[in-house]
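Keeping their order, the protein sequence lines are chains A and B.
To convert, note that position 162 of the first sequence is 180 in our numbering; the numbers rise steadily by one, no gaps.
To convert, note that position 117 of the second sequence is 135 in our numbering; the numbers rise steadily by one, no gaps.
Source of the hints: derived by calculation from the structure; they are not laboratory data.
Note that this is a predicted model, so its numbers are computed, not measured.
Fair warning: there could be bad hints in the mix.
[Stated by the list, open to error] Heads up, simulated DSSO-like pairs for lysine-lysine below, C-alpha to C-alpha not over 30 Å straight-line: (1) A:K323 <-> A:K242; (2) A:K22 <-> B:K205; (3) B:K205 <-> A:K170; (4) B:K170 <-> A:K51; (5) B:K230 <-> A:K37.
Number of protein chains: 2
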Amino acid sequence: MSDKRTELRELGEFGLIEKLTSNFELKNPSSIKGVGDDAAVITMNDTDVQLVSTDTLIEGIHFNLMYMPLKHLGYKAVSVNVSDICAMNGKAEQITVSLAVSNRFPLEALEELYDGIKIACDHFGVDLIGGDTTSSQSGLIITITVLGKTAKENVVYRNGAKEFDLLVVTGDLGAAYMGLQILEREKEVFVANPDIQPDLDGHDYIIQRQLKPEARIDVVKYLKELDVQPTSMIDISDGLASEILHLCNQSNVGCHVYDEKIPIDGQTSIAAIDFNIDPVTCALNGGEDYELLFTIDQNDYEKIKGNPHLTVIGHMTNASDGIYFIDKNGAAVPLKAQGWDHLKD
Amino acid sequence: MSDKRTELRELGEFGLIEKLTSNFELKNPSSIKGVGDDAAVITMNDTDVQLVSTDTLIEGIHFNLMYMPLKHLGYKAVSVNVSDICAMNGKAEQITVSLAVSNRFPLEALEELYDGIKIACDHFGVDLIGGDTTSSQSGLIITITVLGKTAKENVVYRNGAKEFDLLVVTGDLGAAYMGLQILEREKEVFVANPDIQPDLDGHDYIIQRQLKPEARIDVVKYLKELDVQPTSMIDISDGLASEILHLCNQSNVGCHVYDEKIPIDGQTSIAAIDFNIDPVTCALNGGEDYELLFTIDQNDYEKIKGNPHLTVIGHMTNASDGIYFIDKNGAAVPLKAQGWDHLKD
Chain A
19 MSDKRTELRE LGEFGLIEKL TSNFELKNPS SIKGVGDDAA VITMNDTDVQ
69 LVSTDTLIEG IHFNLMYMPL KHLGYKAVSV NVSDICAMNG KAEQITVSLA
119 VSNRFPLEAL EELYDGIKIA CDHFGVDLIG GDTTSSQSGL IITITVLGKT
169 AKENVVYRNG AKEFDLLVVT GDLGAAYMGL QILEREKEVF VANPDIQPDL
219 DGHDYIIQRQ LKPEARIDVV KYLKELDVQP TSMIDISDGL ASEILHLCNQ
269 SNVGCHVYDE KIPIDGQTSI AAIDFNIDPV TCALNGGEDY ELLFTIDQND
319 YEKIKGNPHL TVIGHMTNAS DGIYFIDKNG AAVPLKAQGW DHLKD
Chain B
19 MSDKRTELRE LGEFGLIEKL TSNFELKNPS SIKGVGDDAA VITMNDTDVQ
69 LVSTDTLIEG IHFNLMYMPL KHLGYKAVSV NVSDICAMNG KAEQITVSLA
119 VSNRFPLEAL EELYDGIKIA CDHFGVDLIG GDTTSSQSGL IITITVLGKT
169 AKENVVYRNG AKEFDLLVVT GDLGAAYMGL QILEREKEVF VANPDIQPDL
219 DGHDYIIQRQ LKPEARIDVV KYLKELDVQP TSMIDISDGL ASEILHLCNQ
269 SNVGCHVYDE KIPIDGQTSI AAIDFNIDPV TCALNGGEDY ELLFTIDQND
319 YEKIKGNPHL TVIGHMTNAS DGIYFIDKNG AAVPLKAQGW DHLKD
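Throw the hints in and build the complete structure from the sequences for me.
Shown next, in the form of structure tokens:
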């Protein structure tokens, strides 16, 4: 090893993965797509491909057991992985679960966690097929690998968006982030005075969005029923802005995204204002929404028009036109990702 | 959650996994085999099935960076996963790598680790297709999921051994364990006096077995060439005794295994005697050999006779006859697993 020392926080997560994996090549004919999308793609048979993705949740980084019940954590760990398969337009079928746990957890705690995993498996139609359990020196770490499949011609990558395509998002954004702020605030109150009951009234939706995010398996079905094949797709884990930049950069297009179009729930707005945060900032940079962001050909617009799950928030442009956020006054500002990067923060 | 508190160490790893996963069922038609073998089995196409396994290595539990170079660690993490695919009689094709790292590691350290991963990928013919990198609060954790395949009719499970089958092991046993003892001893010497150079002379083979274990992809090829289809198979990660018990229990057979037949390298014996350990105890309970243990029909004996990679160490009996270790005096003692269980130790 050379004596050079480059701090990981200088690179951030995406820069780091890029640096570490850039000299790996795919050599097996069965490996269709490797690192760089929501899931890898592998040959299965004449009609279908397999989708593979993996995600790790670490205590103290991704969750805090002071307000995250273990059952919810189990559910969330499955859901965020299934979401990656949805983002490829596929159906999740199997998961493996690797746990590292310190001895401070009794069996009963892990049973709670697995109850949540089982509820998620049943809900998403996924089979638990393997994994391992090892002891850790501190805390709880869950790594899930999810396997899914889809017809060859239906796979959607991040790099297929074209100029003039419409940019569409599912559900609403920013709620999971505001749910986290509420939970963090009530935790502080509790730490200061354990006799005070947490005040979560009126925040049930945004707290649910934080604790129990739902992978949009329904949207993948709707798109099929509506006969809409997205040209590019990604799931929103780090924040809308970050994901738009991924689609634009990988598809080599620009984008105009409109402030006034971004779907935000009333509870999110109320909580955001209460915290002196612009609700749109939550939507752009909050992360953990696990909604789908995708592009469609303009000719498909009629098929999705009026669908309550889908909102057109912008359109793709020529790459040289740049990537812009159009605010409520019509002013265009370059879109920047300020999403959550745990290696930098 | 009830107030009951059952300590994880009361259960051990296998008991824990059994407890946590016993109420999960396989529902997707593509899921052929779930938890309980070296790898899960999934339908791929008319001729092949896919094999899936996952393994986690944790700093301070599975490795110590004081004597484990990061490049070796990367290699080993891939190798132990590939070994699980070998144990199903398959060929590993893809891996995902999930890393959790604390900020004490610079980029250059992770590059060393990935250099080792790349060398292993090239050696085993495996493609890196995905994974993620997150920050951890302490230490380094590597979870690898490996995907492999084999022809449907060639999959070997742990549960197919029959009475009168021969029990066969590849390579030699106990070396990785003695390599670890040497490394631990020299670490203690170094900690006590950093000016003293580690004395590793004459131990190169057993240290290599600990730091750079080799998944037996060659044996899977030989078996095919020899037209030998094992009736059951497992890889030796926890120790010969533990793995024999797995094969017997899952196949519902008994076993006689012969002390004098167990293959042990000269370096292993010398080191064991130096440490006042019976070399056979290292072989039975040491673990981390990553050799293959399998059973074959007696009619296949002629095909493997004299093969330098394969040693017949016993034969399977009726379940009611029990599982016995026959010592050098011909005395039969019930075989017990004292293998390494990180949840208990």
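Right, here's what the structure says about each hint:
| no. | hint | verdict |
| --- | --- | --- |
| 1 | A:K323 <-> A:K242 | 15 Å, holds |
| 2 | A:K22 <-> B:K205 | 26 Å, holds |
| 3 | B:K205 <-> A:K170 | 53 Å, violated |
| 4 | B:K170 <-> A:K51 | 25 Å, holds |
| 5 | B:K230 <-> A:K37 | 25 Å, holds |
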